[in-house]
Structures are given as structure tokens and as C-alpha cells.
Amino acid sequence: MTTSIAPERVKAPLIPPSTHRYAEVIHRLEAGGSMLPDTPENLQQIIGIYKAYAVPMDFYWRDLLYIAERVFLNPLPAFKYFISQEYLDRPCSYSGEQSKLRIWRGGEKAHPELLEFMERGETRRMPKLLHHLWHDRVNMEFAEACMQAMLWHQGMGGRFNDYLESDAYKANADRAIKAYFRGNPLMLGLYKLFPEMFLEQVRQLSYAANLGLFWEVMAPVFFEMSDLFDEGKLTTVPQAMDFLVNGIFAVAGRPIYHHVYIGDECIEIIPKSEGFTWLYEAALPYVEAVFYRTSPFRGTKSYNAQAQQVPDNQADFHYGILYADVYPVGSAGIPPTLLMQDMLHFLPPYLKEIYREHRRGEEDELVQLGITFQRSMYNVTSAVIQALRCALLYPLDDTDPEHLMANRQFFEAQMDRFLRPEARLSDIQSQDYR
Amino acid sequence: MTLLLLFLIPLLAACGLQLLPPASPWVRRTALAASLAQLATAVVAWRLPPADVSLSWLPKLGLRLDLGMDGLSLPLVLLAALITAMAVLATPLEQQRARLFYGLLLATNVGLMGAFLARNALLFVLAYELILIPTTLLVAIWGGERRAGAAIRFLIYGAVSGIALLTAVLAFGWLNPGGLDFSFAALASHRIPPDQQRILLALVLLAFGLKLPMVPLHGWQPLTYSQAPTPVAMLLSGAVSKLGAYGLLRFGIGFLPDAWSDGSAWIAAIGAVTAIYGALNAIAQLDMRRLVAYSSLGHMGFLLLALAAATPLSLQGVMAQILAHGLIIALLFCLVGLVETKTGTAQIPELSGLLNAQRGLPFTMGLMLLALMAAAGVPGQAGFVAELLVFEGSWVAYPIPTLVCLLSSGFTAVYAVRLFNRVGFGRLDNAKANWASTSWVERAPALVLTALVLVGGIWPTLLTGLSETATAPLALRSSEAVTVIASAASLAPSQLPA
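In the order they appear, the protein sequences are chains A and B. Position 380 of the first sequence, counted from 1, bears residue number 380 in the numbering used here, the numbering being contiguous throughout. Adding 1000 to a residue's 1-based position in the second sequence gives its number in the numbering used here.
If you are wondering where the hints come from, they were derived from the structure by calculation, not from laboratory data. Model, not experiment: these values are computed from the prediction. The beta-carbon is built from N, C-alpha and C at its ideal position, and this holds for glycine as well. Any given hint could turn out to be false.
Here are the computed lysine-lysine pairs in the DSBU-like style, where the Cα-Cα straight-line distance is at most 30 Å [to be verified]:
| no. | chain 1 | residue 1 | chain 2 | residue 2 |
| --- | --- | --- | --- | --- |
| 1 | A | Lys352 | B | Lys1060 |
| 2 | A | Lys178 | A | Lys192 |
| 3 | A | Lys352 | B | Lys1432 |
Calculated Cβ distances over 12 Å to all of chain A for the following chain B residues [stated by the list, open to error]:
| no. | residue |
| --- | --- |
| 4 | Leu1132 |
| 5 | Leu1155 |
| 6 | Ile1348 |
| 7 | Gly1360 |
| 8 | Leu1428 |
Restraint-style ranges between C-beta atoms, simulated for each label pair [as the list claims (entries may be wrong)]:
| no. | chain 1 | residue 1 | chain 2 | residue 2 | range |
| --- | --- | --- | --- | --- | --- |
| 9 | B | Pro1025 | A | Gly107 | 53 to 61 Å |
| 10 | B | Gly1144 | A | Leu130 | 35 to 43 Å |
| 11 | B | Val1455 | A | Asp89 | 35 to 43 Å |
| 12 | A | Lys233 | B | Gly1144 | 41 to 49 Å |
| 13 | A | His135 | B | Gly1366 | 22 to 30 Å |
| 14 | A | Asn313 | B | Gly1410 | 53 to 61 Å |
| 15 | A | Asn313 | B | Leu1280 | 38 to 46 Å |
Let the sequences and hints guide you as you build the complete structure.
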């Protein structure tokens, strides 16, 4: 008697393959993957850079909230980057013993590596003012540029921007402005003469609070990803992306608000009761403005502007990190130079080793780092796309072809945004892009 | 002894190199040490003027080993020694067949020293011809893709130049009423009749016009300069081509003053044509090496103009231009060579964004900006001083050719800006920019040359002081010229005040 073994049945796909230019990426997304190919080096690169990003980000969010809540309308804000001890010790809302919603591990105060860097910089221990003037510090200018990009593009989804034009907001801002300048007839007189100018400043500060609250979430997420990788618990790029997706859902409904502290008084310019949430009012506008668009870099012409590539229509801006030419350092996109310089101080050893082995080694570490950052942000954007698909469409393992086709159309629409020649999506598919 | 050392050091080193193991690092070290020792000896000779050497060699032929150094030859000896040292330094560490390569470089240097130190026309011819052999081999063996054609063309043009010079020198000897004596002193003491001078000048112009080169005798130059390896291009353009100007000054103005005066208007016109032709061609080039080659041709036009004018100031300009151009053109070839080594191409359309601080060649391009500015005659650099002297000195004699040369000087700025704009600025292509940055060893020759170009710009005496007293007696125009020529005619150039 003979026995025959039936060939393993290959499950036929429920929908035909995509014919999109990025079909390979779309199929990867449909399989639960990321726009970034799943390779060990890609995983090392993105986790390493998340760690290096998280440390300065821990400063960014604290200082942004310090500026929005304490510095506020100081007409001479020369010391706005000299964060107070209170804000350095301010418990993170999502990690540590005192957190309001403890989701991630890690402490609630500023990260020890950040404190050490603030103390010594890359030079030596010296007074804070000298570190500042020597530019041996965390570059808050980068954080402010991101905030200004959000303000400049506005209307990137959600209700937040519309609220800044509402009477309720204006009334709260008016109360805060008058309270802040109480006993200062000169500034109150100016406010009387140019009320819109002051209101616009407050709107900008509201965006500072918005971005600060957004990054308050992201910093502990990135720290934990780095820890998990070190422990061997994150082993693939899709796992890293899933961690981000889960994080997004965990805090999606957390409030976005803007409070100002004047003396002992707390004025709620945007109260929590307005119901602005982290995902729709901060995360998505941030991704839209900073990852895709960004704004012209103030005070200088960007590289692409010199090449007359700046569009007349603001909606056509595509200079975000997903499109940025990281290569000529300090050029288009978010002003990456400052962030890259910040991240350079906190690179984990394995990432330094990768850079040492390629291109010019330590000499062009800044460029290699910038390109790694681009890779990592494609992974974060993948997480956002998957989160949106989860929220708005259907599971990836759905068996209904119509649902799968709806998912396909969603992914294809997202990929259409990378059909522009400036997009770096095709570049990051290759490990040689460094 | 010092003069003999200038010969013997490179000669012995070139021979000694062949005894070393082929891949030994001592090959390069020995060549470098020899060239630096020669440079040091030349500096000593500058500070402590050496006694002339006169040894009998082949008396029946009138050939003697007469060596001397006056104000005309001293700057050229210094220049040749310096450019040779820089060429050795600019040679890649992993040079193939290094013993032969360095040996031939040093052999070229021996020929140059012989020509510049010779006080005997026949000895000059021998040295002049000697240079042709190693330089042809250097281009033929280590040149670019079209090296065979370049070497053959260089050899043919060089051979014609050599034959013309030999004919002229033999005629100098035969026409000497005192017998077969080729010493410079004898040639200077006898004034050849004007009609015979004209024939000799035609030969001299052919010989040195080919070497310089000048239009229309320049056919070898763009191809040879573009195909020669970088150190050889530096040596050819920085030192060997200067033999042409030196020869015209020494033989043309020095020994054939009447014919030179008669034909100087034509020479000035050829100078103007050469200048404008070189500059316009440089603008049209897509290859950096060819651009620099045509730039060099254009500057040779300035030299011809100043030689034709032959005023005291213009002759000072000639010497200043020889030095300044020697430094600048060697620097430009050195930098272009660096760019080519790193990027793999010298094609202008294929390059952009090299000023990129992280992945470009910012240091090299920074120096190139200075070199291009110097070539364009921007104040503060050696090129400005030289061009100012040339134009100021030539204006009184030939205003229209001077204006044409001034115009071509303007074109120099055009191709300099065009080159730098395309190669230095723009976007650096990430896919292509996968090269290492330059090391300090690679930068060293360019740094030394740049420093000298800058020093020459802010301390012009360096360019003119060495030769001022030697050029003044050669001037054919100006109120003093007649008396000076009369007195100079009775003196050998070696007896002129240095």
C-alpha cells in the first residue's frame, strides 16, 4: 500500500496584486509590514536613532511646555531655553511612578543622559549661559521650527486650528494676556493698539503646548523601544512598527490643552474640557506638517529654494523629512541639521559602529545619521498609516475581498503621496542609501 | 659645486631608485628626499650666489659644460625644483611601476636644470632634447585612455621644436666670426646682421613657440595635458612650458634684438590671438583638464605680448608671469587631479555639489576657488601682480593687443566662475558621492602651492625681485633701452648683475 501526500494548498489571494508603482511596499503594508524593509540593519538603525532622538525630545517637550505655560508672552524671551528645574522634574504623564497614565516603563523626570549632557555639553562643565552662547546645548530651535511648521500649515485635520479662531479661545487668550501684563501699561497699551499681534503670539504658544504634549508621549515610547531591543524583545521592523501602533492607540484619546501659569493663577486658554485629543489634534497634524510638508526655514534660503523648487501654492509643500534631501546638510525639509547635531550626542554604540563602517565613517556621521532618521520616520509614518487603517477601515486578515480592496485603495492613496520625485521612499528600499 | 649639485642630486636619485625593490616605500621617499634636497640647494644658491662652472666636454664641437645662474635663470631653477618636489608629492602612494615613474620625473628635472643653468647654447639644446624623452614616456605609459595619441603628438611637436632649435643654435655657432663657440657670452658679444637675425628668429620662434605653446603651434597641448597623469601635467605646465618663455627671452630678445624689434608687432598680435583663443576655448570645454589646458594657453598669450613689448616693466611682467603662472597652473592641475582621483571623472557635466561639507571635497574645492581667482587675476594673489605688470608694461608699445589680452583676462573670470559654479555648487548626487575625503598627504602639494600664490600676491617682490636687474638690460624699448642694449651687448648674461 502506498500513501500519497497531498500537495500543500496555497491560499489564493483574495484580490489581485496591486499595479501601483510602489506595489511591493503596498503588499508589505497589507501583510502587516512597514514601508521600511524588514532587515536586521534597518531595525538596528531605527531603534538606535529612536533612542538618540528620545533624549533631546525629552528636553523639547519639557521646554515647549515651559515656554507655552511659563515664559508665555515675555517680550524679551532670551532665556526661554533655560528651562526651570520644575519642568525638568515635571513627571512625564505616561511613564514613572507619578505618571497620570503609566503605560511605558522609565522614569518620570528628565532622562539621566539628558541631564548629564546639559551639565557638560560636548565641551566641558561650565556655566549654563556659556553653554548656551557656545551653542553647546540641545537645539530647541529645531523644536520651535516644527511648531512653526504646524502653525504655518494649519488646518491639517482635527478641530484644533479652527478653535484658535473661536470667540471662546479669544476670550481666554484675552484674559491671559491681560493677566500676564497686569501692571505693565506699556504692553497693555500695545495690546490695545495691536490686539491681533498678541493673539497670534498666543496661538503660536498654543501650538507649542500642542507639540510639547505630543512629544511627551513619543519620548517614553522611543526609550522603551530601545530598551526592548537591547533586551532582545524587538527583533523585526514590523514589531517596532506595531509597538508604535499600539502606543498610538493607547494614548489616542489623551487631552491636548494649553494652560498658562501667571503667578499662582492658572488660566486655561484651551481647557481639557474642549475635548481635543492627542491623535487627531496633535499626532496627525504633526505628521502632516512636519513629515510631509514643513515650512520655509526662516532667516535663510533653503537649498531647494535656490533651485527655485519652492511652490507658489502652500499646499504643494513637500519638504518634510520623508522628502528632505538630507544630503546637503542643513537644507530642505525640517531643519535637520540641528536635530542631527542633537542626536549625534546620544547615539548608541552599535549605531556608531554602523556609521564607522560605511561611507566616510565618523567624518560624515551627521549625514548617515540624517538618512537613518529618514528611515525611522518612514517607519513611524507606516505606524500612523496602519493606525488610520485600523481606525477607519478593516483588519488586514479580513476575508471579505471588498474590505481588502478598500484597504488596498487606502494604502495606494497613501503611496500616491510618494510618487513625487523628491520622495525618498524608493531610496530607503535600498540598504546602500546612506 | 652648488650648481653641480642641482644636477647631480636628481640624476643620482633617478639612477639609485632603480636599485631599490619595486614595491619598496623607499622609492617614493628617496624621490621626495632628492627633490626636496634639490629645492633646498636652489634656495641656498639664491641666498649665496654660486660661482659659475666651466668644464671642457667636447671642445671640437664647441661643447663645454658651462653652468651659471643669473637673474633670468634663478627664478626658473627655483620654480622647476619646487614644481618637481610638488609633483613627486602629488604622485599617488600606490603609483604603479613607481621606480620608473619617479626616475623619469627626476630625469625631466635634470633636463630642466640643464637648460636653465646652461651657459652654452649647445648644452642648452642637449638638455632641451633630454626633457622630451622622459616626458613622452611618462605620458605614454601612465597617461589616460588616449595616451598613445597624446604621447605621439607630444613627441612629434617636441621633435620639431628640438630640430628647429638645434638648427638655430648651429647657425649661431657657424655665424660666429670667432669660431665654433656656443657660449652665451660669445653669442651675445657678436651682433648678427639683421637679415640673418630674421631667419634665426623664425627658427627660435618655431622652437619655443611649440614649447610654450602659442597659436597655431599648440596642437599637442590640450590633448597632452588632459591625458598626462596629474604630476606630469603639473611638471609640463608648471615648469617645462616655461622653457619656451625663457628661450624666447634668452635667445630671441637677448641674441636677436634687431629682428625681435622688427617682428615684435607680429609677436604681440600672435600673443593676443593666443590669449583670446585660449580663453574662448576654455569657456567651451566640458573637461576640467582641457579647460585648465586652454586656460594655460591663454596665459601664454600674455607672456608673448609682454615679450613682444620688451619694455623694462613688461619684461619684469614676463618673469612674474612665468613664476605666477607656473605656481597657479600646477596648483590647478593638482586640484583637478585630486577631484578626478576621488570622483573618477573630470567631466564638468558629471560633477556638482563638491563643496558639500560632509560628502563633497570642500577643502579641495576651497583651494580650487583660490586657484581660479588667482588665474583670473584677482588682487591679492600672484596672478594679479603678474598680469598687472604685463598689461602696464605692454600698453605703451602695443595698446590694441594689450586691450585684447585684457578682454581675454575678463574671459578667464567667465570660465573660472562657470567651472566653479557647476562643479562646486548644485546638488551632490548621493548615489555617486561614495568617495573618501582627501588626506593631508594628498592636500600637501596644493597647500604649499596655494600658500606661495598668496604670498606672491601680497609680497610681489618675490615674483619680480629675483630677476629685476637681469630683465632691465634686455629691454628693447624705453628711453634707456638703447644705451642699456649697447652696454649689455658687451656683457655675457652671466656677467650681468643678478
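Going through the hints against the structure:
Under the criterion of a C-alpha separation no larger than 30 Å, the hint pairing Lys352 (chain A) with Lys1060 (chain B) is inconsistent with the structure, at around 76 Å. Restraint check for Lys178 (chain A) and Lys192 (chain A): satisfied, since their Cα atoms lie roughly 10 Å apart, inside the 30 Å limit. Of the pairs offered as hints, the one joining Lys352 (chain A) and Lys1432 (chain B) holds, with about 23 Å between alpha carbons and a cut-off of 30 Å not exceeded. The claim that Leu1132 (chain B) is not at the interface with chain A holds, since no C-beta of that chain comes within 12 Å of its own (minimum 42 Å).
With a least beta-carbon separation of about 42 Å from chain A, Leu1155 (chain B) lies farther than 12 Å from that chain, consistent with its non-interface assignment. Look at Ile1348 (chain B): its CB is around 18 Å from the nearest CB on chain A, clear of 12 Å, so calling it non-interface holds up. Annotated as non-interface, Gly1360 (chain B) brings its C-beta within 12 Å of a C-beta of chain A; the closest such distance is 9 Å. Annotated as non-interface, Leu1428 (chain B) brings its C-beta within 12 Å of a C-beta of chain A; the closest such distance is 6 Å.
Here the CB-CB span from Pro1025 (chain B) to Gly107 (chain A) is close to 57 Å, well matched to the stated 53 to 61 Å. A hinted range of 35 to 43 Å is violated for the C-beta pair Gly1144 (chain B) and Leu130 (chain A), which are about 55 Å apart. Evaluation of the 35 to 43 Å hint for Val1455 (chain B) and Asp89 (chain A) yields a failure: the beta carbon distance comes to about 59 Å. Taking 41 to 49 Å as the suggested C-beta distance range, the pair Lys233 (chain A) and Gly1144 (chain B) does not conform, at roughly 57 Å.
Roughly 23 Å separates the CB atoms of His135 (chain A) and Gly1366 (chain B), a value that falls within the hinted 22 to 30 Å. For the pair Asn313 (chain A) and Gly1410 (chain B), the beta carbons lie near 42 Å from each other, so the given range of 53 to 61 Å is not met. Asn313 (chain A) and Leu1280 (chain B) have their C-beta atoms about 44 Å apart, which keeps the hinted 38 to 46 Å range intact.
Consistency note: the structure conflicts with the earlier hints numbered 1, 7, 8, 10, 11, 12 and 14.
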